[in-house]
Each structure stands twice: as structure tokens, then as C-alpha cells.
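**Student:** Given the structure of chain A, go ahead and fit chain B onto it with the hints provided.
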Amino acid sequence: MTAMANNVQNDIRIIDVSKSFRNGDEQIRVLDDVTLDVAPGEFVCIVGPSGCGKTTLLKLIAGFDTDYEGECLVGGKHHTGPSPDRGFVFQRPALFPWYNVTDNITLGPRAAGKPRESWSGEAAKLIRIMALDGFESSYPYQLSGGMAQRVQLARVLINEPSALLMDEPFGALDYLTRLRMQQLVLRLHSEFAMTTVFITHDVDEAVLMADRVVVLSVRPGRILADIRIELPKPRDVGVVGSAAYGEYKAKILALLGFSIDGKGAEH
Amino acid sequence: MKGFLRRLNPLSVGIVLFALLLWTFISNFVLVDSLALPSPQVIGRTFYDLFTNGYGRRSIFEHIGTSMGRALTGFTLAVICSTIVGLSVGYSATARALIMPFIDFIRPVPALALVPLFVFFFGIGSMSKIALIFLGGFLYMTLQTSDGVRSIPADLFSAGRSLGFTTAQMFRHVVLPGTLPAVVTGMRTALSLSWALVVAAELIAAPSGLGYIVTDATQFFQIPVVYCAVILLGALGFAMDRIIVAIRGRLLHWQGR
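Going down the list, the sequences are from chains A and B.
Going by the working numbering, the first residue of the first sequence is number 1, and it counts up by one from there.
Going by the working numbering, the first residue of the second sequence is number 1, and it counts up by one from there.
The following block holds chain A by itself, in its conformation from the complex (with noise of 0.2 Å):
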């Protein structure tokens, strides 16, 4: 993980992004006019309700999608497809169910051609990091959520990625197994410190793991508000017990027109 240090990391400067889907003879616009700077080794979290186009949004980021009105750059460049460099983490895991735990965590590095010396005492050490130990030959039908989303991140993080896309990566987990994922990757982030762009809908997950938290509108997506969380770094499950934790909560949740006075949905 050395050389992750040295690095370039990359900032994402999304301009005036805006993208429809044709639906027949119907214009759908998902996205409209969405403006966003994420700083190098930032960790962005973007909550909205569902079908507001925020894994659009991260597809936009990762080059899966390139048909799209606006900029969008990552490490100032304008890109025309995915790449290992820019890792992206599945909603669901998205192992190949043919190969092993161990295959599947080496897929990248192997297809680049690099040779095994560069990488098997990596792979060694993300299996430790993720708790996989003894799992190494196991295949992906004999692994619990949890397991097989720490081998996604595993697979993604040994190309060394400098921004990392993960689009509701933990949206399937039971609550204390996300919990656990969420401590792992956020002592991932502090240690390798990649640009991060975490999508989800959980307002908790949020607050307790961003550094800024972006809401979107409903579609077509817009950025509602774009709100720094101040809470001491690192953090532990116990930040939610502060004050100020429950005011970013609330304040979330208000935008997503949820408030917390009694008077329950505003819609």
C-alpha cells in the first residue's frame, strides 16, 4: 500500500452535469444542473430518495456513462470509460461466482499483466485487513453480505485506486454487520486517504461517515444542500450519542422533507 502514498490523488469537479433517459417517446431528466467539487482524499457521502439519480451520478463518475450534458472530471481529466484507478464498490458484490475469494481479489493486477511478486504479499495483507483469513479458497456462494462486499472492496482497493465510487455498498447488510463495514472502511479511508464519493440513503451512515454530506431533490436530481460535518475525526459508533450528530441529522432529514417536530412528513 506504500505506493499508494506517492499517488497523485484526484479530486472530482463535477460542472453543470445534467442527463436524461429516453423512455419511449418521454425525456426522463434525472439529473439537472448538478455542481460539485470533491477534494483530494475527501469522503463525500450523497443522500437522496430513491430513483433520484444518485448512482446515475456516480456512473457518470466512474466513465461507465459518458452520454451526459455538463463535465465531469476526475483528476482533471475528462475520462471515456471505468478504470482500476478510479475503484468502484457495487451495491451488490459483483464477485465472479467461478473464481475464489483469492482469484477474485487479484483479478485486476493479473489482468494488467503485473507480475505475481507485485502483488500476492498485497492480496495477503487486504485478506488480513478484511477478515477473510481462512476464506481464501472459499467461492462466493459460500460467503455471508458482509464477507463477500469486504472481497469487492478487497478486489477494488489492490489496484490502488486514488478515488474510490461506492454506490450503497452496505444497503443489503444486517444493521451490526454495516456497522462493522462501516468502521472498516472508514479506517481504510484515514490510512489511504482516496478521494471517496459514498452513496447512500441512510442518513445515520451519512452524518457518521462524511466529511460533507451532498442531498439530492427528488428527480430530477438536484442538489438540495451540501453540508460539512464538523465531527471529530476518527470517528467511532459513539458520535451518535452527541448533540451535534443529531443536529446533522435532523437538519438531513428535514431536506428530504422528514422533520423532526412532531408534525411528521411534510409529503
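Please note that a few of the clues may not be correct.
[Unchecked claim] To give an idea of the interface, some chain A residues facing chain B are shown, with a C-beta separation under 10 Å as derived from the structure:
| id | residue |
| --- | --- |
| 1 | Ala62 |
| 2 | Leu107 |
| 3 | Gln142 |
| 4 | Arg155 |
[To be verified] Part of the chain A face toward chain B, derived, beta carbon under 7 Å:
| id | residue |
| --- | --- |
| 5 | Pro84 |
| 6 | Ala94 |
| 7 | Trp98 |
[Stated by the list, open to error] What follows is a set of in silico ranges between Cβ atoms, one per label pair, in the way DEER data are often shown:
| id | chain 1 | residue 1 | chain 2 | residue 2 | range |
| --- | --- | --- | --- | --- | --- |
| 8 | B | Phe122 | A | Asp25 | 47 to 57 Å |
| 9 | A | Val240 | B | Arg172 | 41 to 51 Å |
| 10 | B | Arg250 | A | Asp33 | 51 to 61 Å |
| 11 | B | Ala97 | A | Asp33 | 34 to 44 Å |
| 12 | B | Met127 | A | Lys114 | 49 to 59 Å |
I should point out that these hints are in silico values taken from the structure, not numbers from a laboratory.
Think of the CB as a built atom: it goes at the ideal place given N, C-alpha and C, for glycine as much as any other residue.
**Tutor:** This is chain B only, laid out in the frame that chain A set:
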């Protein structure tokens, strides 16, 4: 084999033994010397005769070899061609547009309707049977394989792209292994189909093979011989199916079934 014996359901073993006993009882004491239902002893004697003296100047092994050879040749060719065509059709919209009209046109034609045409083209020897089996297996497996390609979750292609796969790597790490289950499942059905088609083709026109024995023996009222041929067909078909199932277990262990 031990595993196979352990997996046997005692209820199934019991009912099969009961059916065999019932057959022995009825054929020996109810329908005595019936042409329609020969007794186990008669079948046993006929088997002995078939294996020692053969049938129609050919040994029984030659007949079995002929039928199996036709079925497996047509089947193997069909597996190879359908895998190539199925992968292309599943992967490329252009290939799909170019190839599917023909496949969609021929597919609804029952393969057996083509037997006379194939005999006309290729003669009554092995060639016409192989061609028929090839066609039947090829059409079925091409569709299976192309559906298999299209059933690969989009996330896996995205994951491959995000890991920096080249087109060749995408093929090797995603498309091929992702299609394998469909190919093997298609092979299993296509093998039974091959076996059915070879016999059907031999019933219509052939100088040798198990299907030929069935027709020929029927014409000479050698019903026990017909039964023996049918039992052989069943046993061989069953054995081939078991082999495919074993191969599937090896190749697709990662499915966790």
C-alpha cells in the same frame, strides 16, 4: 459409485424391486408365454443370445457402437458449433441479426420431418443420422448458449470494465465461465435428444444400429429381442446422462449445488 448407492432412496429401491417381482409373477403365472409380455427368463435368454450370436450377422456391440457413434459424433459436432455460434449470437447484436432468422425459421420444424430429406441427401448410412442429430442438437444448444450469455448479470460486465479488462479478458473471465452453466445444461438435454433422434432415424431407414434392431425384430415378431433393444437403449441413455451430470458437478462446483 458408493456415493450413488448411498443417495438411493429406499422407497425407490423398494418399488423397483416390487415392479420386477410383479413382472415375474404376471409373465409366469397370468399371461403365460405371452408375446406381449415375455418373462424375465426369456429376456435373459434373449440377451445371452444377442451378446453371443449378435443380430442380423452383426455382433450386438457393433450395433451399439454404430448407434452410439452416430449419436456422439452428431452431438460433439453440435456442441462445438453451437458453442461458437451461441456465444457470437449472445454477445454481438450483429451476429444475432445475421444468424437468428435462419435458426428461428428451422427451429419449429420437427427434426424427424427432415429424415426423408436427409436420407435423400446423405443416403441411408450413418451420414444422414449424424446430420440429423447435429441439426437437432445444434439448434437447441445454440439457443441455450445465447440465452446463457444474455443471462450474465450486467454488474459482472461492469465490474470487469472497472477492473480494466480487455475484450479478450472479458471473454475469458466473464463470458465463457458465465455461459458454461447454460452450455452444460444444454448438453444434457441435447444428449438425450441425440439418443432419441438416432433411434428414430434408424427406425425409419438404417442397415444397422439399435433402432434398426427394434424395427427389424418387430417385423419378424421377435418381441423379446425388441424388449432387449429397448432395455439397452434405456440403460445406455441413462449411463450417458449420468456422465454428463458428473461432468456438470465438476465444472460447475462453484454454483454450490
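**Student:** Kindly indicate which numbered hints from before are broken by the structure, ordering the numbers from low to high.
**Tutor:** Nothing - there is no hint that the structure violates, so all of them hold.
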